[in-house]
Amino acid sequence: MPAVQETVAQVKKIDVDQYKYGFETDIEMVKAPKGLNEDIVRFISEKKAEPAWMLEWRLDAYRRWRAMTEPTWAKISYPKIDFEDLYYYAAPKNSEGPKSLADVDPELLKMYERLGVPLQEQEILAGVKSDKPRVAVDAVFDSVSVVTTFKDELAKAGVIFCSISEALREHGDLVRKYLGSVVPQSDNYYAALNSAVFSDGSFVYVPEGVRCPMELSTYFRINERETGQFERTLIIAEKGSYVSYLEGCTAPMRDENQLHAAVVELIALDDAEIKYSTVQNWYPGDKNGKGGIYNFVTKRGDCRGRNSKISWTQVETGSAITWKYPSCILRGDNSRGEFYSIAVSNGYQQVDSGTKMIHLGKNTSSRIISKGIAAGYSQNTYRGLVSAHRKATGARNFTACDSLLIGDKCGAHTVPYIEAKNSSAHFEHEATTSKISDDMLFYCQQRGLSEEEAVALVVNGFVRDVLQQLPMEFLAETQKLIGISLEGSVG
Amino acid sequence: MLEIKNLHVKLADEDKVILKGLTLTVPKGEVHAIMGPNGSGKSTLAYVLAGREGYEVTDGDILWNGESIIEMEPDERAAKGVFLAFQYPMEIPGVAGLTFLRTATNAVRKKRELTEMTTPEFMKFVKEKAAKLNIDFEMLKRPVNVGFSGGEKKRSEILQMAMLEPTLCVLDETDSGLDIDALKVVSDGVNALRGPDRAMLVITHYQRLLNHIVPDKVHVLADGRIQKTGGKELALELEKSGYAEFTGKAA
Ligand SMILES: Nc1ncnc2c1ncn2[C@@H]1O[C@H](COP(=O)(O)OP(=O)(O)OP(=O)(O)O)[C@@H](O)[C@H]1O
Ligand SMILES: [Mg+2]
Numbered sequence: 115m116p117a118v119q120e121t122v123a124q125v126k127k128i129d130v131d132q133y134k135y136g137f138e139t140d141i142e143m144v145k146a147p148k149g150l151n152e153d154i155v156r157f158i159s160e161k162k163a164e165p166a167w168m169l170e171w172r173l174d175a176y177r178r179w180r181a182m183t184e185p186t187w188a189k190i191s192y193p194k195i196d197f198e199d200l201y202y203y204a205a206p207k208n209s210e211g212p213k214s215l216a217d218v219d220p221e222l223l224k225m226y227e228r229l230g231v232p233l234q235e236q237e238i239l240a241g242v243k244s245d246k247p248r249v250a251v252d253a254v255f256d257s258v259s260v261v262t263t264f265k266d267e268l269a270k271a272g273v274i275f276c277s278i279s280e281a282l283r284e285h286g287d288l289v290r291k292y293l294g295s296v297v298p299q300s301d302n303y304y305a306a307l308n309s310a311v312f313s314d315g316s317f318v319y320v321p322e323g324v325r326c327p328m329e330l331s332t333y334f335r336i337n338e339r340e341t342g343q344f345e346r347t348l349i350i351a352e353k354g355s356y357v358s359y360l361e362g363c364t365a366p367m368r369d370e371n372q373l374h375a376a377v378v379e380l381i382a383l384d385d386a387e388i389k390y391s392t393v394q395n396w397y398p399g400d401k402n403g404k405g406g407i408y409n410f411v412t413k414r415g416d417c418r419g420r421n422s423k424i425s426w427t428q429v430e431t432g433s434a435i436t437w438k439y440p441s442c443i444l445r446g447d448n449s450r451g452e453f454y455s456i457a458v459s460n461g462y463q464q465v466d467s468g469t470k471m472i473h474l475g476k477n478t479s480s481r482i483i484s485k486g487i488a489a490g491y492s493q494n495t496y497r498g499l500v501s502a503h504r505k506a507t508g509a510r511n512f513t514a515c516d517s518l519l520i521g522d523k524c525g526a527h528t529v530p531y532i533e534a535k536n537s538s539a540h541f542e543h544e545a546t547t548s549k550i551s552d553d554m555l556f557y558c559q560q561r562g563l564s565e566e567e568a569v570a571l572v573v574n575g576f577v578r579d580v581l582q583q584l585p586m587e588f589l590a591e592t593q594k595l596i597g598i599s600l601e602g603s604v605g
Numbered sequence: 075m076l077e078i079k080n081l082h083v084k085l086a087d088e089d090k091v092i093l094k095g096l097t098l099t100v101p102k103g104e105v106h107a108i109m110g111p112n113g114s115g116k117s118t119l120a121y122v123l124a125g126r127e128g129y130e131v132t133d134g135d136i137l138w139n140g141e142s143i144i145e146m147e148p149d150e151r152a153a154k155g156v157f158l159a160f161q162y163p164m165e166i167p168g169v170a171g172l173t174f175l176r177t178a179t180n181a182v183r184k185k186r187e188l189t190e191m192t193t194p195e196f197m198k199f200v201k202e203k204a205a206k207l208n209i210d211f212e213m214l215k216r217p218v219n220v221g222f223s224g225g226e227k228k229r230s231e232i233l234q235m236a237m238l239e240p241t242l243c244v245l246d247e248t249d250s251g252l253d254i255d256a257l258k259v260v261s262d263g264v265n266a267l268r269g270p271d272r273a274m275l276v277i278t279h280y281q282r283l284l285n286h287i288v289p290d291k292v293h294v295l296a297d298g299r300i301q302k303t304g305g306k307e308l309a310l311e312l313e314k315s316g317y318a319e320f321t322g323k324a325a
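Residue numbers (my numbering), protein chains in the order written: chain R, 115 to 605; chain A, 75 to 325.
Some hints could be false.
[What the hints assert, rightly or not] Calculated lysine to aspartate or glutamate pairs in the EDC-like style (CA-CA distance at most 16 Å, straight line):
no.	chain 1	residue 1	chain 2	residue 2
1	R	Lys470	R	Glu565
2	A	Lys185	R	Glu566
3	A	Lys79	A	Asp135
4	A	Lys306	A	Glu104
5	A	Lys90	A	Glu307
6	R	Lys161	R	Glu280
7	A	Lys185	R	Glu567
8	A	Lys102	A	Asp210
9	A	Lys215	R	Asp579
10	A	Lys184	R	Glu170
11	A	Lys185	R	Glu565
12	A	Lys154	A	Asp290
13	R	Lys291	R	Asp447
14	A	Lys314	A	Asp297
15	R	Lys549	A	Asp290
16	R	Lys265	R	Glu284
17	A	Lys79	A	Glu145
18	A	Lys291	A	Glu307
No lab work stands behind these hints, which were simulated from the structure alone. As the structure is a prediction and not an experimental result, all values here were calculated from the model.
Build out the structure end to end from the sequences listed, making use of the hints.
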């Protein structure tokens, strides 16, 4: 029996439970009562000591959300979510107040150490752990940011990197100017929900002409049961500035499904560049498809200025359901948008992901490279839109979508939409679907690799051009992660 | 010592029987050549030795150093020293030759309970072997076999063989597609690996190769069995008379 056929039988034994970030942390929590109403929105805003305009903004979003219905166009299926049966706010006790590493609950620090997230700023600064890359981290635990490292050092360069709650208190005018300017409150169902109840997330402001001196990253962790995580990230790159930002995420293993609905807004002004990378490794559910995170995310970048550039790189290996389309609005003339994606699905995972490139300015260009890898019983869909506005003369796009199937119980789908309202637009689209071949695996095994090593090698080769887009600091870890996600995918 | 005893092989998914009682022994230190008409089962034998799926051993056994290997996974066999230079090497897009060689070398070393090679050790080793086989080092930075010419693929197979230090080498038509100079280089590479601890099985259609890699024995495989065994001179005879005598038997 060829290996690929055997997969059908073997897949039943898939051990997605090897998820190594699945432990729970015992921390005393402060929670809002279950369910969602205006009082909960007020509770959240008050907990965060937000300015009055913010509460009004949230309430406005809440009322719009109430009038909307859940979208159904994606190729995903899941039982109806009971939005009244969730907690919308959960924070570790004593997490409010000044945040330096010294104030953080030692249990939490231990957890981040187990997750491999570098929070030991002192040691890194003192050069004790000089082999570790210097990365500034904002650590978000359930609904709140517990600590942000390297803040002082970044401040010297004029870069603001803090939690969005802190930004609302300390840099209210900046937040007010940009929040919702890329993803309006009523953009879509999940974005509206997020706008009403978002709890925390990161805020980045890079002033004119500044090249951010280190990688910035946010680490999201869902810990509490029956709690939705709604984070909000806002990144502003002023004229001629540059910033590279990475988000990572994990969650404990639970039988129940947990909801995660984030909104990320990026704004790049003239000649600015934002590089946004994601390594998404939320708990995918067990081998029977029980549990796992529902990941409904709205990410959008606005290339507002001339010659600006926004590049999204994502490695999606986790979540039971992924609904995510990081997009670029190419408003400024000569602006450029890029989307590099690796989406790995195994077990019963469902991925519906892709991008939108909206060409509005003149001579704008975009590039989309998507690699989908489906194994087990998973469904993996690329959904993308490339559009050129009437005035977007000289718009160019190149899209390449490659899918790789492992076994024959999974599916890969490509749904590209192209709209050119301008005859000078030049759009190219390529798509391939291939199966991982028995011959290729046999060749590798003949050279001494185990079947799993062979799959990992072949898949890493398949995604190579996207992997190269990731910041160096995260490359090796990501390659390993892709291997782990596919463990058990062949016989 | 390689002992193939009364080997019967059919396709797993079809009724087609390919090997029908093949018996063959290759002692360590010897090189044996296998010749035979197209479609006679030479590559099948090579694949079955290496453990490829899709074939079913219905009778007989294969012993390597006294141990039956027919139930082993291909990578276990590789760890035991089995190496197959493919008639048609596979392309692996996106995986650089060096990455592949390094992964394979260390995988095999680990299974043989040897320490993994460090980067400098590996680089030194691979540079040395590549130079001997006239392989441009730049070529190893390209994805495995992708866009390689026929001859380049064959040379790269022999480089892998040299890196993995196998004890049972099966070469399936490694000479086809090689130009005259490359044939010499590849033969030198193979000869360099000859030694008292290695057994080699060389599948070829051309006696020319056997001028370079002089075999201890030549076997004729036709109709799923070894029909005749002789010395080097048998290859010359076949060159003249062809396989009519053996295929006639089959009819
Ligand atoms: N996987 C397979 N599926 C179908 N037929 C096969 C398969 N493998 C081998 N065969 C058939 O078995 C017979 C032996 O094939 P094999 O490749 O072993 O021959 P060979 O002696 O190596 O030939 P050549 O000299 O042309 O390389 C052929 O008829 C071939 O078509
Ligand atoms: Mg053959």
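Taking the hints in turn, this is what the structure says about them:
Of the supplied pair hints, the one linking Lys470(R) and Glu565(R) is violated, its CA atoms being roughly 37 Å apart against a limit of 16 Å. Distance restraint check for Lys185(A) and Glu566(R): the Cα-Cα separation of roughly 15 Å lies within the 16 Å cut-off, and the hinted pair is therefore satisfied. Between the alpha carbons of Lys79(A) and Asp135(A) the distance comes to roughly 5 Å, so the proposed pair stays at or under 16 Å and holds. Proximity of Lys306(A) to Glu104(A) is assessed by CA-CA distance (about 13 Å); at most 16 Å being required, the pair is judged to hold.
The straight-line distance between the Cα atoms of Lys90(A) and Glu307(A) is roughly 33 Å, outside the 16 Å bound, and the hint therefore fails. With a C-alpha separation of about 12 Å, the suggested pair Lys161(R) and Glu280(R) falls inside the 16 Å cut-off, and the hint holds. For the hint linking Lys185(A) to Glu567(R), the alpha-carbon distance of about 13 Å falls within 16 Å, and the restraint holds. Of the supplied pair hints, the one linking Lys102(A) and Asp210(A) is violated, its CA atoms being roughly 32 Å apart against a limit of 16 Å.
Between the alpha carbons of Lys215(A) and Asp579(R) the distance comes to roughly 15 Å, so the proposed pair stays at or under 16 Å and holds. With a C-alpha separation of about 63 Å, the suggested pair Lys184(A) and Glu170(R) falls outside the 16 Å cut-off, and the hint is violated. Taking the CA atoms of Lys185(A) and Glu565(R), the gap is about 14 Å. The hint holds against a cut of 16 Å. This hinted pair does not check out: Lys154(A) and Asp290(A) have alpha carbons roughly 23 Å apart, beyond 16 Å.
For a cut-off of 16 Å, the pair hint linking Lys291(R) to Asp447(R) is broken: about 22 Å separates their Cα positions. Proposed proximity of Lys314(A) and Asp297(A) is contradicted: the alpha carbons are some 20 Å apart, above 16 Å. The straight-line distance between the Cα atoms of Lys549(R) and Asp290(A) is roughly 43 Å, outside the 16 Å bound, and the hint therefore fails. With a C-alpha separation of about 14 Å, the suggested pairing of Lys265(R) with Glu284(R) holds against the 16 Å cut-off.
Simply put, Lys79(A) and Glu145(A) have alpha-carbon atoms about 15 Å apart, close enough for the 16 Å limit, and the pair holds. Restraint check: the Cα-Cα separation between Lys291(A) and Glu307(A) comes to about 9 Å, which is no more than 16 Å; the hinted pair holds.
Taken one by one, the earlier hints fail for this structure at numbers 1, 5, 8, 10, 12, 13, 14, 15, listed in ascending order.
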